[in-house]
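**Q** Listed below, chain by chain, are the residues.
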Amino acid sequence: MAVTPALSSYTLPDPLPLDNGEALSGVEIAYETYGKLNADKSNAVLICHALTGDQYVASDHPMTGKPGWWERMVGPGKPVDTDNLYVICANVIGSCMGSTGPASKASDGKPYAMRFPVITVRDMVRGLVGLLDGLGIAQLHTVIGGSMGGMQALSMAANFPERAARVLVLASTARHSAQNIAFHEVGRQAIMADPNWREGDYYSGDAPDSGLAVARMAAHITYLSEEGLTDKFGRRLQNRDSKSFGFDADFQVESYLRYQGSGFTQRFDANSYLYITRAMDYFDLAEEFASGEGDAKLADAFAGHAMGKGARFCLVSFDTDWLYPTAESRHIVHALNAVGAPVSFVELSAPYGHDSFLLELPALDRVVEGFLK
Amino acid sequence: MSAPSTSHGKTLRVDLEMIASQVAPGTRVLDVGCGDGTLLAELQARHNVDARGMEIDATRVEKCVARGLSVMQGDADRDLAQYPDKAFDYTILSQTLQTSARPDQMLDELLRVGKRAFVSFPNFAHWRTRAALMFGGKMPVTQAIPISWYATPNIHHVTITDFRELLGEKGVTIEKQWFFSGGKEIGASSANWRGEFALFLLNSD
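Each protein sequence line maps, in turn, to chains A and B.
My numbering puts the first sequence at residues 1 to 373.
My numbering puts the second sequence at residues 374 to 578.
Simulated from the structure, these hints should not be mistaken for lab results.
All C-beta atoms in this analysis are idealised placements derived from N, C-alpha and C, irrespective of residue type, glycine included.
The reader is advised that the hints may include incorrect statements.
[Unchecked claim] Ranges between beta-carbon positions, derived for each pair:
1) A:Lys36 / B:Arg451: 52 to 58 Å
2) A:Lys309 / B:Gln516: 40 to 46 Å
3) A:Ala290 / B:Ala418: 40 to 46 Å
4) B:Thr384 / A:Ala165: 29 to 35 Å
5) A:Val118 / B:Asp450: 41 to 47 Å
6) A:Glu162 / B:Asn576: 47 to 53 Å
7) A:Asp83 / B:Thr534: 56 to 62 Å
8) A:Gln179 / B:His529: 22 to 28 Å
Based on the provided sequences and hints, a complete structural model is requested.
**A** Below you can see the structure in the form of structure tokens.
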């Protein structure tokens with residue numbers, strides 16, 4: 001493999017101020033980099049990962065051994081070309097792949113568990129900006145994110161408008177809808193209903209894997225399209241000729257979801273899942289910038305980009321994504337147009353639902369490559 | 374006469390070439406219905422223009438973004454409303470007016486969003502069009518209007534005289550106007566007979 005990962009972590013020198021009013025000290029940000037930073041530090045690209053993602057965007061995952069989650073997009077000669085660009089991908093705070101989260105040890109030497117403060121997407125971004133400060137990068141060439149990564153990219157554009165010259169947002173939204181919150185609540189309740197969860201204090205015993213697996217199964221359905229599920233599984237049976245008249249995984253789709261659920265518990269912390277889904281549910285970019293008079297306007301969040309003085313934006317949605325449907329991207333595009341920011345937007349056709357941004361889609365490759373030019 | 378070639382070596386359609394030659398350097402431009410971005414790319418390369426586009430067809434938008442242009446997929450009949458007043462020095466509507474649900478409202482929006490507007494359209498009163506109706510008794514299919522009545526996106530055919538009347542009613546000022554036939558510019562006399570295409574530079578001051 002031509003991409004050489006660097007296993008690194010950065011400790012923020014100052015306590016990280018949080019939206020809940022607290023400050024978190026000794027915050028670790030685990031990150032990976034690919035490619036070389038140029039002399040004037042103008043070729044840095046930050047890739048923000050999604051809910052259950054990690055910093056291993058283009059290198060093997062150390063626990064699962066699987067290839068990086070966006071290796072088809074990031075690498076030498078790829079649309080995000082590490083021959084020319086210096087790519088940074090950091091684990092968000094609240095997660096469990098090396099950055100400070102509920103499984104990390106608090107000052108008393110015990111895991112934070114539910115003592116970890118409830119964080120927001122903006123808090124995650126503050127952590128990422130702290131890392132950029134540490135790396136000496138004043139302005140990114142591009143900040144890129146899909147799904148929750150897109151929320152971070154938008155939050156960075158809104159809160160730190162000078163930190164990225166380009167903002168690329170894939171399959172994302174500026175606010176979590178009631179339906180989005182509802183699905184997350186199902187997942188959280190599944191975890192908290194697992195007797196092993198024990199109010200989050202499970203790090204010395206068995207983890208609430210059953211609950212976490214159910215949470216993942218429910219969420220995974222929202223990442224796929226009906227068409228995609230039908231194509232992949234239909235009503236086909238799993239390793240049997242007839243229905244069992246029992247509750248085994250008769251159907252292939254059941255077997256697939258169970259596999260996804262149990263695989264997920266091998267690499268993810270249940271409390272992290274609670275905290276990160278909460279952060280996503282709290283996300284409403286317009287509300288963050290509301291003046292208190294009348295309806296919050298998303299355009300106010302992008303005031304720092306008025307009349308083309310800020311970043312260039314590109315938003316991509318997918319026609320089968322019902323988690324963050326095209327209307328959500330269009331809402332963001334309209335807000336950016338209202339302030340006169342240069343914005344590209346396209347709804348691409350793809351059969352895979354929300355996960356389309358991660359999958360084989362040549363049209364997306366061309367858009368990403370063109371926008372980064 | 375052959376049309377001048379672009380900085381990319383391709384030939385610009387004659388009305389687009391005229392627009393490209395008229396846009397002042399360093400200005401902000403919105404090309405509504407920008408297609409594959411040919412004019413935008415030319416404006417950006419030739420005049421360092423802050424060129425943006427709107428296009429309804431996803432495949433064309435993808436091509437535009439892939440060539441590094443700022444283009445949004447959108448429906449001009451609906452999505453122009455999102456831009457603030459006078460956000461652009463020029464708006465451009467080339468050969469798209471006749472496909473709009475309400476060309477009169479489209480014109481209002483073009484001149485609200487832009488300080489000036491370039492508008493071009495095929496002239497339905499061109500003599501070939503008239504002849505097709507007069508002698509053939511059929512909806513014309515010509516070089517300028519190449520698609521049969523049942524498949525054409527042109528739902529509001531318009532003549533140069535009609536367009537001027539609309540501008541008069543709205544109090545819109547014609548700064549400049551050009552007429553084309555057979556890929557060449559022609560004079561303004563009897564343009565409503567002789568012109569296959571018309572291009573206007575308008576303002577609402």
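**Q** Go through the numbered hints given earlier and state which of them the structure violates, listing their numbers in rising order.
**A** Numbers 1, 6, 8, in rising order.
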